[in-house]
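Produce the entire structure from the sequences given, and follow the hints as far as they go.
Which chain is which? The protein sequence lines are A and B, in order. According to the numbering used here, the residues represented by the first sequence are 1 to 782, in order. According to the numbering used here, the residues represented by the second sequence are 1001 to 1091, in order.
In case anyone wonders, no lab produced these hints; they're calculated from the structure. Built from N, CA and C at the ideal position, the CB exists for glycine as well. Treat the hints with care, as some may be off.
Looking from chain B toward chain A, a few residues come up when the C-beta cut is under 7 angstroms (computed) [to be verified]: (1) 1010; (2) 1028; (3) 1031; (4) 1036; (5) 1050; (6) 1055; (7) 1062; (8) 1068; (9) 1071; (10) 1072.
Partial list, computed: chain A residues near chain B (C-beta under 8 angstroms) [claimed, not checked]: (11) 76; (12) 81; (13) 109; (14) 224; (15) 228; (16) 499.
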Amino acid sequence: MTACHADGNAAPAAQAGMPVIALAGNPNSGKTTVFNLLTGAHQHVGNWPGVTVEQRRGTASAHGRRMAVIDLPGVYSLLGGGGADQGVARNFLLDERVDLIVNIVDASNLERHLALTFELLETGKPLLLALNMVDEAQALGLEPQAQALAGQLGVPVVALVARKGQGREALLDAIVQALQQPPQPQVPAYPDAVEQAIAAVGAALESAQAARRRFDALRLLEGLVVSPRAPVQAAVHAAQTQVRQHTGEDVADLVAAARFGWAHQLAAIALQRTGRMGLRHRVTDVIDRVVLNEWLGVPVFLLVLYLVFIVSFSAGKVFIDFFDQASSALFIAGLGHLLLQAGLPDWLVSIAAGGVGGGVNLVVSFIPPIGLTFLFLAFLDDSGYMARAAYAMDRFMRRLGLPGNALVPMVIGFGCNVPAIMGSRIIEDPRGRLLTVLMQPFMSCSARLTIYMAFAVVFFRDNGGQVVFLLYVLGIAVALLTAWMLGRTAVPGEPMPFVMELPPYRLPSGRSVALQAWQRLKVFVLRVGKVIVAIGVVLFVLPGIGWTGDGLRATPIDQSLLAQGSKAIAPMFAPMGIERDDWPAVSALLAGAAAKEIVIGTLNGIYQRQNAADLLASYRHPEVGDKLLQAVQTIPDNARAFLGGLADPLHLRQLQNTEEATQASGATHETLAGLQRMFTPLSAFAYLVFVLLYVPCASTMGALRREVGWGWMTFSVLYGIGMAWAAATVIYQVGTFAAHPQGAAAWIAACVAAFALLVVALRQYGRRAGQRTAAAGLESLV
Amino acid sequence: MMQNETNVLSLAQLAHGQCAKVVDVDGGRALAQRMVMLGIRRGVALCVVHGPGARGAVVQVGGARIALGRGVTDKIRVAPLPAGERHGLAA
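If you want it as structure tokens, here you go:
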């Protein structure tokens, strides 16, 4: 594990003096709920170093003692058959300092969960068992016997219903007790022949740690990994043959039988049948019959996603103006005022308040829709529906080479691409995750909608709605095409076979959902915030200064750096109908590469020649109080608009009404007049296609880089620009074919040829990558 | 492992509601290991609670419900168990 993606998340044992508690358990065991119970708000969500696996760590306090708690990824086993999550959990438990393992198990599914307990006992670290979901076991007619289980295991056992908060005190007491007097359970043993094999292979391994040797020996013997060292492999083969000769069975089978046999015995002791059968499973059955129905499954899913989309973004709109105006009052006007009072020079105040404050304002206005998206998704996930959704959509998505749950990030992307990319973590298969992430930039986000609206008002008054809908469809089509194409060329392979546990349906715990959404929102705001604030400053400065005979000076916008740069690149857009004089259109595109929300604002700035002096005046007399009051007053008005617009999330009807659309896009009349001058309906449509496809905003690019690395991010950016340019050019040339048939044909042919070349190049890349993986063979022992 | 006279089918060929004992899992080490981790391994009883169909099937194994895609249900070989008993399943 390298530390290059550290994010400051190295092992928490670095906090001197605090004991380290690791939470381990299966997915769906309620582990995260327990984590939240123990740490409350004192938690931090980040990344495990070197992998895209979420890390949660925090601190808990009890009886005056503080302890570090780390939530390991949910795994079914530490040994093999899983992905990066398993490696993270295994390596942490074997190599890092762990004072106590708290193993959370689902009492209603005890036997399967105890299989992991067996492995945890093999690590030799002190263990405490948290018997969770006792209520569900009881609903199944099984009464958990915590004492009996504790007696058999030799470790403390605490019964809990974590989602209701029951058992929290008992758990904390037990943890404190266990830290003072570490329980040392007996490491369960395999049949003699197997133990001898483990010892033989272990002797050939290098690690000084007994537990590490045992685990590595087991993984080698079970054939889950190979060692690059010949003597080790020789020892493995010898041991495997020995076992087969003595027992007639394979090591892997004996090990599995031992583990599950042990778990079966323990589960029988731990659970007493009371005969009362449960409602819970019958309810789950009934709901599943609808949700997984052959015909209803897909429509139900689409309906659920539609609701997520609506509630998040439309309801979020109820509060956007409030957040926007309030933060504008505080961070722009208020900040400007404070800085002026502090005696800073005017130009610095301008940049600080307009650039930095403006950036913060932009990020804060995101909070309502994004926060609601996270909230709603956490709710759905907690309820157990998401697993069904993945299964319902799997068959359809598989034909495109994508996993079923790729649809969830896709739909979130219609609101904003950044949480969509963050949300792609739910996809286990790394190949599927990569493809899903690369599709994201083509999902037309809500910020792009403002741009479409401005153009629709000017050029497509009568069928604005259809044009916008067409753009969305085009975006989806390109996204799916990209995923399908990449899946067959550069990222070859089959989607992982679909295997997923479906937890019983539950009423989501409000506290858990809120906490999870809050954590995600915090991460999002901080990441996006940094980028947008930095960009805000740059874009604030660029239209105001330019190269003149005397070097960099403040200039009117026509001669600013922004204008000069735009004029320089404008010729590249000639094939889609943009002339050099239309440089504001290019400026808008440059601004849009930073953040789509500021495109219209940039155009307004260009056409209206907003005066710096006006802004400074508002800093002198900020009237923050009045502005805040106005901000609050927007809430009821927007609430009314929301209720009225429930049937029309894309606001297609709004486009019919010019005044409303103009207002919604934020474009001033000067800007609209400017658009009229620069474009024709055809070139306007081509331009919109370019906006749809070219590059996502800087925040999205940042999110891309974090998920899939610099290489794929660069590809995505170049590919996006290429596709956008080609599509816009082809559209414009086809539209103007009659005027210059030869030129048009040449352009169109060039675009098609370039695309063909790209596919060939990608296929080459894919072949070489495929060869490299084949040569590497089975996963190497790490 | 000796095969007895009972019929061995793929999971995909079972009927809705039918229970069976797992005989083997084809399809390579990785898939077999994933199945084992979830509790689906040789000798274990499972019941089909949804499907089987074009999408696959949902089976009850112990106290858990596991959804399996079509490609997977084709690869799990099972011997049907007589109807009536719940075969030690939790629910």
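Restraint check, 8 angstroms cut-off on beta carbons, for residue 224 of chain A near chain B = holds (7 angstroms)
query = Should the interface hint for residue 1071 of chain B be scored as holding, given a Cβ-Cβ cut-off of 7 angstroms against chain A?
reply = holds (5 angstroms)
Hint status (Cβ of residue 1050 of chain B to nearest Cβ of chain A, threshold 7 angstroms) = holds (6 angstroms)
ask   = At a threshold of 8 angstroms, is the proposed contact between residue 109 of chain A and chain B supported by beta-carbon distances?
value = Given a least distance of 4 angstroms, the restraint on residue 109 of chain A holds.
inquiry  = Take the shortest C-beta to C-beta distance between residue 1031 of chain B and chain A; is it under 7 angstroms?
reply    = Where the cut-off is 7 angstroms and the nearest Cβ of chain A is about 6 angstroms from residue 1031 of chain B, the hint holds.
message = The hint names residue 81 of chain A as touching chain B; please verify it with the least Cβ-Cβ distance against 8 angstroms.
response = With a minimum Cβ separation of about 3 angstroms from chain B (threshold 8 angstroms), the hint on residue 81 of chain A holds.
ask   = How about residue 1036 of chain B: closest beta carbon in chain A under 7 angstroms, or not?
value = Since the shortest Cβ distance to chain A is 6 angstroms, the answer is holds.
request  = Report holds or violated for the interface hint on residue 499 of chain A, using the least CB-CB distance to chain B and a cut-off of 8 angstroms.
outcome  = Holds: closest Cβ of chain B sits about 6 angstroms from residue 499 of chain A, inside 8 angstroms.
Status of the hint placing residue 76 of chain A at chain B (closest C-beta pair under 8 angstroms) = At about 4 angstroms, which falls below the 8 angstroms cut-off, the nearest Cβ of chain B leaves the hint on residue 76 of chain A intact, so it holds.
request  = Would you settle whether the hint for residue 1072 of chain B is holds or violated, based on the nearest Cβ-Cβ distance to chain A being less than 7 angstroms?
outcome  = This interface hint holds because 5 angstroms falls under the 7 angstroms limit.
query = Does residue 1068 of chain B meet its interface restraint, that is, does its C-beta lie within less than 7 angstroms of any C-beta in chain A?
reply = Since chain A brings a Cβ to about 6 angstroms from residue 1068 of chain B, closer than 7 angstroms, the hint holds.
task = Have a go at the residue 1028 of chain B hint: is there a Cβ in chain A nearer than 7 angstroms to its own Cβ?
result = Not OK, violated: residue 1028 of chain B not within 7 angstroms of chain A, min 10 angstroms.
Hint compliance for this structure: hints 1, 2 and 15 are broken, all remaining hints hold.
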